[in-house]
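Chains as they are written, first to last, in our numbering: chain F, 5 to 79; chain L, 86 to 359.
Fair warning: there could be bad hints in the mix.
The list that follows gives simulated cross-link-like pairs (lysine-lysine, BS3-like), each with its CA atoms no further than 27 Å apart [unchecked claim]: (1) L/K182 x L/K148; (2) L/K164 x F/K51; (3) L/K247 x L/K182; (4) L/K164 x F/K55; (5) L/K182 x L/K345; (6) L/K345 x L/K247; (7) L/K345 x F/K51; (8) F/K55 x L/K345; (9) L/K182 x F/K55.
Because the hints were derived from the structure by calculation, they are not lab data.
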Amino acid sequence: METTAVATTAMNLLPLVAIGLIGPGIGMGLIGLGAMNALGRNPSASKEIAKNMILALVFCEFAALLGFGLVFLAK
Amino acid sequence: MQFIQTAHAATTEGHVGPHIPSLMGDPTGLFIAGIPVTTTILSTWLFMIVLFVGVAFFYQAAKAKKANKLQAIGIDVIKRLDALFSEAMESHELSRKFLWLVWGFFIFIFLGNIFGLMLDVIGIVMPAALGYIRPINSDINTTLVLGLTIIMVAQATGIYMKGFVRQYGHYIFNFHGDNLMEKCISVFVGWLHFIGEFVRVISLSTRLFLNIFMGVVIISIVVYLGNSVPYTAGIFEIFTFPFWLFELFVAFLQSYIFLKLSGMYLYESVEETH
Chain F
5 METTAVATTA
15 MNLLPLVAIG
25 LIGPGIGMGL
35 IGLGAMNALG
45 RNPSASKEIA
55 KNMILALVFC
65 EFAALLGFGL
75 VFLAK
Chain L
86 MQFIQTAHAA
96 TTEGHVGPHI
106 PSLMGDPTGL
116 FIAGIPVTTT
126 ILSTWLFMIV
136 LFVGVAFFYQ
146 AAKAKKANKL
156 QAIGIDVIKR
166 LDALFSEAME
176 SHELSRKFLW
186 LVWGFFIFIF
196 LGNIFGLMLD
206 VIGIVMPAAL
216 GYIRPINSDI
226 NTTLVLGLTI
236 IMVAQATGIY
246 MKGFVRQYGH
256 YIFNFHGDNL
266 MEKCISVFVG
276 WLHFIGEFVR
286 VISLSTRLFL
296 NIFMGVVIIS
306 IVVYLGNSVP
316 YTAGIFEIFT
326 FPFWLFELFV
336 AFLQSYIFLK
346 LSGMYLYESV
356 EETH
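Chain F extracted, bound-state conformation:
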């Protein structure tokens, strides 16, 4: 029993973080893809596109951070 209790530390749950990083990784890639496509279509709107892209990236990054942060609650 004690060994299992020791095994459930934050560090042993890090593979779960890696699984949680898959989704935001794909999402951030898609955001970059969309921004590059938009930039190719409309190069003069680069400032507006970059601003909104960073905003979307931050929202997406939050999902990854949430997965990382929840592991610290599992002590």
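Assemble chain L onto chain F, guided by the hints.
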């Protein structure tokens, strides 16, 4: 007030690996009226001293009759913040209405993040001080207060502008639509909005907290990795510097996101619902 009794817990943890801080501030061993003083509270007091002295200098410069450099810097900062927030709120009049709150929070969060990064530099010079200081936004309590204040002010503004019944009737009895089906959907969406107000507090505070907290974790991991290369006497700790610069960018980005989101929420509280 008792004085320092024990050494900090972080040095006596005794596990191998980078030091991962806890979600809330660590106790320093100080007590005020029986309440333990955490590392975050000590750092916040330190930051408040720095901030108030800086604000006093700018105030003196702004009151001065003849133009000086500090006055020019202050005017420039305020102009930039005005442009930033007018853009986020999409209205100059509305942005002026909430400038006291949102600009204050922006300055507090941004300078607090920068101050937290400066604490890393202090930690390099004086490792023993790390038991008493900690970046102020890497504590969930600080950011929770910031998020709660924004949402409470938004709700209070909504009640003031639209009245209690219209503000909360919009959430619970939202009979908007042409036919019965649309009305049913509107009621459900209104309930979702009501839950969303609580989710906003969590997302606003957790986003800022987790970003800064992950910065602390990443920097401590890189310092540990740099130290663990044999026969180099920790020279690879220099690779912390790019991460530190990235954290400077994150410090600005997160305060900007906070400004943008709080602008959005405050704008929703003022606008007429249909």
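Which of the listed hints are broken here?
-> Hint check: nothing fails, all pass.
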